[in-house]
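> Residue numbers (my numbering), protein chains in the order written: chain A, 35 to 596; chain B, 349 to 637; chain C, 38 to 359.
If you are wondering where the hints come from, they were derived from the structure by calculation, not from laboratory data. Keep in mind it's a predicted model, so treat the numbers as computed, not measured. Some hints here could point you the wrong way.
[Stated by the list, open to error] Straight line, CA to CA, 20 Å or less: simulated EDC-like cross-link-like pairs of lysine to aspartate or glutamate:
id, chain 1, residue 1, chain 2, residue 2
1, A, Lys476, C, Glu85
2, A, Lys453, B, Glu600
3, A, Lys476, C, Glu132
4, A, Lys582, A, Glu596
5, A, Lys404, A, Asp361
6, A, Lys119, A, Asp173
7, A, Lys404, B, Glu407
8, A, Lys202, A, Glu502
9, C, Lys91, A, Asp173
10, A, Lys319, B, Asp384
11, A, Lys541, A, Asp385
12, A, Lys183, C, Asp115
13, A, Lys319, B, Glu378
14, A, Lys453, B, Glu527
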Amino acid sequence: MIRHRTLHFLSLIAVLCGGLPVPSAMAARDSLTIGITQYPGTLNPMIDSMLAKTYVHGATQRQITIEGHDWTPICQLCVKLPSLKDGDAERFPSTTEAGDPVDGVRKTYTLRDDAFWADGTPVTTDDVVFAWKVGRHPDTGVANFRAYKDVLDIEVHGPKRFTMVERKLDYRYPSMGDFQVLPAHLEGPSFEVPREYRHRTLYQTDPTNPGLWNGPYRVAAIETGSKLVLARNPHWKGPQPAFERIEIRAIENTSALEANLLSGSIDMIAGELGLDIDQAIAFEKRNADRFTVLYQPGLIYEHMDVMLDNPFLADRRVRQALILAIDRQAISDRLFAGKQPVANTSVHPLDWVNTTDGVPTYGYEPDRAKALLDDAGWKIGPKGVRVNAKGEPLTLELMTTAGNRTRELVEQVIADYWKRVGIETRIRNEPARVFFGETVSKRKFTGLALFAWLSAPESLPRTTLHSESIPTDANNWAGQNNTGFRNAEMDRLIDATEIELDRDKRKALWADMQRIYATELPAIPLYFRAESYVMPKWLTGVRPTGHKYSTTNWIEDWKVAE
Amino acid sequence: MIRHLGPSAALAAAALAVLAVAAVGAPLVESLMGLDAEAVDLFGRLQPPSPDHPLGTDELGRDLLLRLLYGGRVSLTVGVVAAVAASAIGTAIGLAAGYLGGRVDALLMRLADGVIALPLLPLLIVLAAVDLTKLGLSDDAANSPAVLLGRLVVLVTLVGWPTTARLVRAATLSLRRREFVQAAQALGYSPLRIAARHVLPNAAAPILVATTLAVGNVVLFESVLSFLGLGIRPPTPSWGNMLTGAQELIWESPQLAVWPGVLIFVTVVSVNLLGDALRDALDPRSRRR
Amino acid sequence: MLTYVTGRLFQALVVLLLLSAAAYVLLGLMPGDPIDLMVGADPRITSEDIARLKALQGLDRPIWERYLAWLSSALAGDLGYSRLYTRPVLDIVAERMPRTLLLIGLALALALSVAVPAALIAARKPGGAVDRGVNMLCFAGISVPPFWLALLLILLFAVVLGWLPAGGTASTGGGGFLDRVQHLILPVVTLAAASIAAYTRHLRAALIEALGEDYVRTARAKGLSERTVTTRHALRNALLPVVTLLGLDLGSLVSGALVTETMFAQPGMGKTIYDAVMGNDYNLALVGLLVAAGATLLGSLGADLAYARLDPRIVYRAENAV
């Protein structure tokens, strides 16, 4: 009797579960489900800058210019990049905010004729001017406020042509940087009270309004915190994308993300916000028959910031000993299967300004490290820890973001390497919010802080290495020179590079910067992180860039293989 | 005593004793094996068991057996100390609230409700950020493993007592109307004496079950904390954070999860069996059948 | 009785008020404010910009002043906007609360419907084979951390067997009733697992004790069937601890389902509160925490009222209320 009932119950479960196979893309491949590890907080292009948002915007919200696959600026909504040589960019005498004379630039762009918002309204200069007004208004509190504030004026020549007057001419002038375009015809009323803009913007109150989107896709449905559904933009005039709909799902836990992929709940995992490299390598070993894994070393520079105010670390010999004592090649090879190249400086090997000429490199030389430490007055003391003449032990605090498994593993490896040369490491990790919001940005770490900088190609280290960028209480902790690095020659090189428009001369200046960096070691370079894109065999055309502009900016090239 | 408790309890006691001895003796085992528990070997990651490494190595090439032993120190200390401390506080408060009733009850129980409802997460982050050196502790002492462990124990105790308190109060509410308690009141015994001699022994069942369940809960709580990045700091291992670290390696090296999992299971089973036996031994009314 | 409930509700309001102050101060004590985080994201920001932004968000004022401002507008019905989502806090809570209540309700119902029969058969013969089996399953239930249980369930039922979806709320392009139910099964089981174990252990212990009591012996002596004795007399009294735990779980799961929500990508309150706290979203975090606290207080009141129904010896008088 009981057995009978059990059987019945089991068969009921089987009907419930088995009767409805989990739908996957196995039917016609007109939809694509992408898994990412973060859900965007807001969809307004101006407010905050979350990676998940830029991923969605790649498909839905195009910019005037971005960086291309070859790491140089390209046009998205514009027709041609302005250049001094062609005459659509020109110098004019200007002044800095402080009042010093400087060269300004006037540059003229033409918007594409076939750029439309998804409600059929053309993208015009009105949208550009409106975005500028929103961005520069002090009460809207947008991210990248400076990008708008440094634009002195926008001269409109008809619906598609405009001239931007920028305060300062620098080598990045052909690009519009992070300047976003907003649909003036819809967003105008939301901006009537600038203070309230962030709350009233239609991107928040009516995100599925087609007129907000100008990319090949528009946002069609939203389940906050869980998923976004994209549908084709009927007014997109570029190459038609292959999929009728794209679903982007946020699954924060990477183990669960992987399981979702294997079970067919999602089709692919975005590299921008996806699996850790070691997890991807292990995944590839088991599932190479069903999935393609692409690795792209990115502009994500993992390093340890060194607190130069610490008297132990102020000694260059100690910093050099720290890097010589770590076998960074072994870390890269053994933990990351060699997919994450060892860094010599903060400049990526694929960046055109990278040089190895005359730049010191540090291999794994523990004996040299020991000799340097001896030389700096650190002798082996009791318990194998080095002590100085005053009897102070060489104990350093190493911090990173708690809960980031890869960093915590690397950190323990480093501590073990240092122990072998007589340096005691004290590991103290904090949640990202505390670590970045307080400890690093307010220079409260005492030893080393392990984290990464994410940057664009040829990005000048003004905020990280210039002595004017050292965060202090007096300047409200602005700037990112958290190590407290002061080097007059570096300051001079940064200032000179910014206004040098000649590529060869600029490359020479960059080479000098790299030499100083590798000699002085304000930070200990570790490696450049690689992104891992996990895709089904049937999907082609996904081309990682390695920089902050995501693959979705080329989503119309994604195709289903026969 | 052990014979008195029955065979399964004896086995449980023995298992716990072995675990405790192994955890205490971890440094000894370390020196006997001639290994360093924190020594990383990038060329010997995820090794299968071998004479050098009886249980193999972890994702950084460290000896798994040694890490389990050191992890036991953390997990057992936190689990047992915090569970017992939380239960002791909870029992006292629950007894007082249930027996005295009225305003005392209302006040204590609203306090318990408040603690349960207290935002645990910011509390954890704030406590973790409290600089003990500002409280007069030396730099070394403030960063010693014992103090770091102490923080966790205090925190778990602070948030753990209300459960026991409410359980004990519920039992007390029911007991104080019973004939034998009312008889004791009629005899003019002091409330303290009645609570301790008449109510407490009869509330032993929920207390012991709650305490023994809490040991397991606390060990798991620590692993959830490390899942959120708020647990024990590396390189110190605990069974909980070993489990957390193993989830991404579930296909390659399931043994990394299995071993700490088994040890947590053995601990939970042993503590609960011991608790059952203790209850039988303490409770005058319950008889083994 | 009515006076008692009114008194308790009044007490709950006082607790909530105190908690809101405690939570506000705790959030304020956490290192790093929203603008500090923004500075990290915008390298070119200047010191004047930072001062202006802090003033814009009111962060330049002392914490008690900010709390009082928050309180007075909250009492006037304006709970403000979430900083992270730039939407009204109420909208977000209203959007996520139903999902959370659904998950918790189903999980607690499942826990009860498994724990009661399991404890009943286990208590029938303490120390017997069935009892040992039930006990071992309970121990297993409390020995596996929720994130592991979730992962194992996903791997077994979604990846290996392919019976159930791995996460989310509905399939791509789908969204029918059955599809949504399927998406609930694994998270509910994960949430229920720990509760099942705890309820069963407590219920079993209480049942064994109750079965040895005088009134049960009397009932037996009256010739009532063992079944009637167990369910009518023993179970009623043995439910006290379970009712207590149920009341506690109701509140703690609102904010405590975080791990399950994360693993199964369910947008619920636990995740919302966690993200709000971590993202320095005062308004959302506070309201989320107060909702969770309110649920705890209601659960505790519910448990107390249930005691009186289950055990007629417990009487609540108005004097219990302060």
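> All hints are to be evaluated individually against the structure, with a verdict given for each.
Here's how the hints hold up against the structure:
1. Between lysine 476 of chain A and glutamate 85 of chain C the alpha-carbon distance is near 17 Å, which keeps this suggested pair within the 20 Å criterion.
2. Pair hint lysine 453 of chain A plus glutamate 600 of chain B does not hold up; C-alpha atoms about 29 Å apart against a cutoff of 20 Å.
3. As the CA atoms of lysine 476 of chain A and glutamate 132 of chain C are separated by approximately 37 Å, the hinted pair breaks the 20 Å bound.
4. Taking the CA atoms of lysine 582 of chain A and glutamate 596 of chain A, the gap is near 31 Å; set against the 20 Å cutoff, the hint is violated.
5. Restraint check for lysine 404 of chain A and aspartate 361 of chain A: satisfied, since their Cα atoms lie roughly 14 Å apart, inside the 20 Å limit.
6. Of the supplied pair hints, the one linking lysine 119 of chain A and aspartate 173 of chain A is violated, its CA atoms being roughly 38 Å apart against a limit of 20 Å.
7. Simply put, lysine 404 of chain A and glutamate 407 of chain B have alpha-carbon atoms about 28 Å apart, too far for the 20 Å limit, and the pair is violated.
8. Distance restraint check for lysine 202 of chain A and glutamate 502 of chain A: the Cα-Cα separation of roughly 18 Å lies within the 20 Å cut-off, and the hinted pair is therefore satisfied.
9. The hinted pair formed by lysine 91 of chain C and aspartate 173 of chain A meets the criterion: a straight-line CA distance of about 11 Å does not exceed 20 Å.
10. Only pairs whose Cα atoms come within 20 Å are accepted, and lysine 319 of chain A paired with aspartate 384 of chain B is rejected, the gap being roughly 31 Å.
11. This hinted pair checks out: lysine 541 of chain A and aspartate 385 of chain A have alpha carbons roughly 11 Å apart, not beyond 20 Å.
12. Taken as a hint, the lysine 183 of chain A and aspartate 115 of chain C pair is broken in the structure, with Cα atoms around 33 Å apart against an allowance of 20 Å.
13. Proximity of lysine 319 of chain A to glutamate 378 of chain B is assessed by CA-CA distance (about 35 Å); at most 20 Å being required, the pair is judged violated.
14. Pair hint lysine 453 of chain A plus glutamate 527 of chain B does not hold up; C-alpha atoms about 68 Å apart against a cutoff of 20 Å.
Violation of the numbered hints given earlier is confined to hints 2, 3, 4, 6, 7, 10, 12, 13 and 14; the remaining hints are satisfied by the structure.
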